[in-house]
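*Asks:* What follows is each chain in one-letter form.
There are 4 protein chains.
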Amino acid sequence: MIKVGIVGGTGYTGVELLRLLAGHSKVELRVITSRSEAGMPVADMFPNLRDKVDLCFSEPSVEALSSCDVVFFATPHGVAMKSAGELIENGVKVIDLGADFRIKDILVWERWYGMQHTAPELVDEAVYGLPEVNRKAIKQARLIACPGCYPTAVQLGFMPLLEQGLIDVNHLIADAKSGVSGAGRKANVGTLMCEASESMKAYAVPGHRHLPEISQGLVQMAKGEVGLTFVPHLTPMIRGIHATLYATLKSDTDLQSLYQQRYESEPFVDVMPAGAHPETRSVKGANQCRIAIHRPQGGDTVVVLSVIDNLVKGAAGQAVQSMNILFDLDEQAGLEIIALLP
Amino acid sequence: MIKVGIVGGTGYTGVELLRLLAGHSKVELRVITSRSEAGMPVADMFPNLRDKVDLCFSEPSVEALSSCDVVFFATPHGVAMKSAGELIENGVKVIDLGADFRIKDILVWERWYGMQHTAPELVDEAVYGLPEVNRKAIKQARLIACPGCYPTAVQLGFMPLLEQGLIDVNHLIADAKSGVSGAGRKANVGTLMCEASESMKAYAVPGHRHLPEISQGLVQMAKGEVGLTFVPHLTPMIRGIHATLYATLKSDTDLQSLYQQRYESEPFVDVMPAGAHPETRSVKGANQCRIAIHRPQGGDTVVVLSVIDNLVKGAAGQAVQSMNILFDLDEQAGLEIIALLP
Amino acid sequence: MIKVGIVGGTGYTGVELLRLLAGHSKVELRVITSRSEAGMPVADMFPNLRDKVDLCFSEPSVEALSSCDVVFFATPHGVAMKSAGELIENGVKVIDLGADFRIKDILVWERWYGMQHTAPELVDEAVYGLPEVNRKAIKQARLIACPGCYPTAVQLGFMPLLEQGLIDVNHLIADAKSGVSGAGRKANVGTLMCEASESMKAYAVPGHRHLPEISQGLVQMAKGEVGLTFVPHLTPMIRGIHATLYATLKSDTDLQSLYQQRYESEPFVDVMPAGAHPETRSVKGANQCRIAIHRPQGGDTVVVLSVIDNLVKGAAGQAVQSMNILFDLDEQAGLEIIALLP
Amino acid sequence: MIKVGIVGGTGYTGVELLRLLAGHSKVELRVITSRSEAGMPVADMFPNLRDKVDLCFSEPSVEALSSCDVVFFATPHGVAMKSAGELIENGVKVIDLGADFRIKDILVWERWYGMQHTAPELVDEAVYGLPEVNRKAIKQARLIACPGCYPTAVQLGFMPLLEQGLIDVNHLIADAKSGVSGAGRKANVGTLMCEASESMKAYAVPGHRHLPEISQGLVQMAKGEVGLTFVPHLTPMIRGIHATLYATLKSDTDLQSLYQQRYESEPFVDVMPAGAHPETRSVKGANQCRIAIHRPQGGDTVVVLSVIDNLVKGAAGQAVQSMNILFDLDEQAGLEIIALLP
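Protein chains in written order, with my numbering: chain S, 1 to 342; chain W, 1 to 342; chain H, 1 to 342; chain X, 1 to 342.
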């Protein structure tokens, strides 16, 4: 049994980690910390976990966490970078669901996140936890930086085209629609039901923190600079990201085959039949990315539709997938959940 | 492995059965019939089942179904009564999620369902599949009539009070709120998103088909006549029933202890702590009934709050629970799913 | 033109008042105060008001407010009682949408609202602003206490029965379902979209602040004590209250005629035809209460269905209705808005 | 008073027309036809119209309609083209909210709409009812073809850029998100609440009927061919369209000033301040298009955000606006409604 600790379990990625790990047969949940809720049974805050998780939140403690094989950080940026180092030195694997170790260029990170990075040496070491790109490196990692939700949907959608050099990389467009859970479980007027339901809006068009992360990934795939316009939208639903990607084709090719081959052996990427339109609800609660490729009216614009559940393949599920790889378990262990439809 | 067939798998209880059975380690899905969709892969209609269920819908056939150990009917009323008999004769266990065998009084059934019953002899034999009441009988049954969704929430909520004779049975009130999936997956103006979302309404106040079913169950618990007013409401959410039950207490007692003792060994009924308010989302996707008991201002009115997922504990989950009992499996097999929250 | 001031215009009743008053041909909006947002154009916070309201929020000032003919308080309880007196002395009419002057018994108020009342003498004078009960008194008032949202729906629903002494007053039940806007525009985890949508729950079953207010109104109608059980539910929609009321009939009568006659000349109460089920969306955005009366299976339980928009007939619309009466305007002025459907 | 008839008033654009016209002081509603519902009071189908509209649906009759000054067709395509001619000959103005007269090229129309056009001569005469483009022609028209909902949002969004020749016209992208009411009030599995809520999906990516209509408009603005990729998405809300438009700038200019000047005198197009993100709810129920312009990271990609209520500025409201122009009324008459927020 793998002994697991979680730092910061009171948010949506935290409860989702708990849901997945409580049903994972190789995992023993050991510690879950929350400074603000120390002492409270986890199931009092999240009644879906009654009779499923009997832990209480505890004060963060390096000692307690060091008794684990792996510690997940489900914390806002700026938290993991402060304690990851000590845990790693103590032989604990660290999987960060936050943003601290995603961006390799420290200056870029500091500009977008508005704080000084306190562990730049760990950024170098950290492996970006997108298994479809970095499976081998994940297996060897001590520190895994789980991708953000938008970056997961967008990178998996563009990857085959960029790897094959098929599109004009100067004008990539990612129009992404996210459910409200992406904003987290924070008291906040903007995500009240009365503000966010029955409405649609773009936000952060001048620049969103996931932009540099996505660009970094696309650059690596394209082996060269890319020009990306990324427009996120707040969508009146709880879970789900729908990324609609646009690019101009430079040459003709069988896009459907390209995608099917690229993802043939990927357990969590499903290329739909030609002509299909994936719905976010088809992945609700599941660790799945579903993709469809279109070329409207046979023109030179390719449209890729890529959907995930932002809390699963976009966060907690992907983190567990990395954990499975890291500990040589079946990559699908604990992740065979079928999406809840309707 | 238990060989399973499903008749009528194109509705919401059908896809929910598939979700649960596909993740059940002792079950082999053999046949799923649909006259209208014969030949179509199930996963084409329900893309959440891609790579999880590879069956195609087939024409209904007693022969094919007779190769199964158990057949679930996820059909509108009037269908199961026509073929259940033949299957039972062929040694197949039948679990009906529809209404054909729920009501013992044939005349009452015929009045409320507006058709002649073609298999009254089977009604006698059928066991009402509420395990918390009939576990022993279910174990021996050849034919199980799964309770309706409202009846499950209301009966489990009133049961301890009625069994102990603590309330005035002449003026029971069940004010029940159901998500829209209770109306099924039928093209219908009334349950369009534009009609049913952002609105609340009562319906069928003069009389709903679940009224005689609930009354039959309450009479059995009370060992005598009961007077029940049942008002269902269409609620703007997909899944969930919230039953708010009112009765006048005849004598003083510790209601919290009463409920906790009654349901102590029930794996799928959770009595919440005193003062709690269960949310339907705490059981979304899970085979669970959560109950809280209140006595506002210490008066003689008792208020019971009882929530279920209408498609799980109110339909497919309860059916699988009965199957587990019937085949001597762990009653929780395939039903350990944690509710999806948020 | 009636010169109008609003104190506390940053909440949902505030923006709703602005919507109604901006379209009211006899009204001139003069002042809108908000300590926290002073200086900000109202339309920056509520973009639906762009080009419709060109005021800025200003610091609260008795002087500025005293230049108005009437001042609306759209504030949390405890605010209006501090400044209403001075405004009234300055000859300004005060209409409070909050709770400060609704309950005549100061001790009861102080117990439920957890603070000392600083203007008990005004409570005596205040007229409870339910025009269907107090139209004449409203006309003469200097200070109007607008009813709460639940109290409006429940009192209008029970009134004809209580006035005629037709029901057992000891066991009245009001099962009420409210949209989330009833909780106001405050940063609060419980009303985040991810917490409140796709779920249903009762809350405050042990006791809600609207209970003593409703009871006070029912007692007056019944001319004697009443026993009321009031259970509010948080419903996954933005606007609307659906009150489902239950009582035991003491004598036989034509309930449909009773209600139609009682509300015949009321412009904002619509008694639906026998057998109808009002939907909250049929009053969305409109100053309307729609009622239907049922007697299921011809028994002795009467069921009244009463729907309003909590922000209109349950708050801002009713306040404007009182203002119209107070200033001898057409009672429907500015309130002829048709509900938005779908 | 302008005597008004409506053909096909049982859909969402029909009831929206009724809402707007019932509140229009210069209009007398004379006739509303529906073959299927003849005889039924309109307010029985749409209870928000109780006491507001006392008409009954009647059988379609050219005679009755010919007594009107203007007839609106709120019908599926293929209906208006059959009777518009006769009404026009009888001196009645015709405003078609459907698609019959929008596309000038008959062959294109017939290909996309899959039927033969029976009144091609009227197509020539018809004026495309986008007042911001064709106000003068509308004033003189006998037959007005109201734009589709997507075309309204997209054309108003692109217009200033195209008129000034500022963008590369070969790779225009319109990523549009529509509420479910755009699909109409038809019994249909795909728009059931259980199918369409809590999910997001693109649809008709290979080609949507609004594509040729939008292209026709853009070509006229650009005075030359354009290459447009149009991807509509079904969004889990009732009303609203959010069009996110992308183009590559060919030259530098002050985009904010450009838009403000272009729409300075347009009563129903609101250019928001630089940096803003319009929400669809800010126009819910209102005849308004709100636009914001962005140039992320100062690059050469321009992003235009354009929102409307699909049933108002995208259908019924725009039709009434055209009627006002046609009959020399104040263009804003009956359209001063403030959006319902929250």
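Hints listed in this document are in silico derivations from the structure and should not be mistaken for laboratory results. Be a bit skeptical, because a hint or two may be false.
[What the hints assert, rightly or not] To be clear about the criterion: a stretch of chain S counts as covered by chain W if any three or more of its residues have a C-beta under 8 Å from a C-beta of chain W, and this derived list gives those stretches: (1) 39 to 50; (2) 252 to 260; (3) 276 to 283; (4) 331 to 340.
[To be verified] According to the in silico footprint, chain S covers these stretches of chain W (three or more CB under 8 Å from chain S): (5) 48 to 60; (6) 75 to 82; (7) 143 to 154; (8) 332 to 341.
Bear in mind the structure is a predicted one, so any value in this text is a computation, not a measurement. Here a beta-carbon is modelled for each residue, glycine too, at the ideal position from N, C-alpha and C.
*Asks:* Each hint should be assessed against the structure and marked as holding or not.
*Replies:* Results of checking the hints against the structure:
Coverage of the stretch 39 to 50 of chain S by chain W holds [criterion: at least 3 residues with CB-CB distance below 8 Å; count 5]. Against chain W, the stretch 252 to 260 of chain S contributes 0 residues with a C-beta closer than 8 Å to a partner C-beta. That does not satisfy the three-residue criterion, and the hint is violated. Coverage of the stretch 276 to 283 of chain S by chain W holds [criterion: at least 3 residues with CB-CB distance below 8 Å; count 5]. For a cut-off of 8 Å, the count of residues in the stretch 331 to 340 of chain S with a CB near a CB of chain W stands at 5, and the three-residue condition holds.
Beta-carbon proximity to chain S at under 8 Å applies to 5 residues in the stretch 48 to 60 of chain W; the threshold of 3 is reached and the given coverage holds. Counting residues of the stretch 75 to 82 of chain W whose CB falls under 8 Å from any CB of chain S gives 0; the rule of at least 3 is not met. Check on the stretch 143 to 154 of chain W: 0 of its residues sit with their Cβ under 8 Å from a Cβ of chain S, so the three-residue criterion for coverage is violated. Closer than 8 Å: that is the beta-carbon criterion, and the stretch 332 to 341 of chain W has 6 residues meeting it against chain S, so the requirement of 3 holds.
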